[in-house]
Amino acid sequence: VRAALLADLNVILCVGETLSDRKSERHFEVVAKQLTAGLDGLTREDMKNVLIAYEPVWAIGTGKTATPEQAQQMHRFIRDSLTKTHGNETSENVKILYGGSVKPENISALMMQADIDGALVGGASLNPEDFFRIISYRVDD
1 VRAALLADLN VILCVGETLS DRKSERHFEV VAKQLTAGLD GLTREDMKNV LIAYEPVWAI
61 GTGKTATPEQ AQQMHRFIRD SLTKTHGNET SENVKILYGG SVKPENISAL MMQADIDGAL
121 VGGASLNPED FFRIISYRVD D
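For the sequence shown, the numbering used here assigns the number 1 to the initial residue and increments by one for each residue that follows.
One should not assume that every hint holds.
Below, a list of computed lysine-lysine pairs in the DSS-like style, where the Cα atoms sit at most 27 Å apart [as the list claims (entries may be wrong)]: (1) K23 / K64; (2) K103 / K64; (3) K103 / K23; (4) K84 / K48; (5) K95 / K64; (6) K103 / K84; (7) K23 / K33; (8) K95 / K33; (9) K33 / K48; (10) K84 / K95; (11) K95 / K48; (12) K33 / K84.
Treat the hints as calculated values from the structure; they're not laboratory data.
Kindly generate the complete structure, drawing on both the sequences and the hints.
Written out as structure tokens, the structure reads:
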């Protein structure tokens with residue numbers, strides 16, 4: 001991450017757990033370790049050029065998706081972790097994306113969650129109709 005920032009690149013740090021991590025209730029521990037390793041030594045100023053994407057490995061390309069509640073729970077955990085390591089202002093300003101099988105059918109429910117700031121769309125971006133539906137979602141007020 002540091003090398004990318006030194007090269008004036010913006011960074012998307014992807015974190016996420018396997019299905020066995022989630023089933024054994026180690027998902028928070030795993031993501032915490034990934035955050036620590038990925039953000040080690042970064043200043044609050046560095047964090048202005050970092051996005052974090054929660055990508056549950058068990059949901060990528062499998063058709064399985066975290067429920068909006070599961071995704072929100074992990075996003076809240078990530079934001080709370082950022083508060084501890086980089087302060088409240090940084091945790092409020094860093095964008096945290098969801099990237100586990102985003103589809104037209106789930107984008108609105110995901111985006112209604114308080115700590116989900118956007119989506120990292122994978123396979124659905126290959127289908128123009130699906131991608132258009134995803135980027136055209138509307139969260140009802």
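Q. Against the structure shown, which of the earlier numbered hints fail to hold, in ascending order?
A. Number 6 - this is the single hint that the structure violates.
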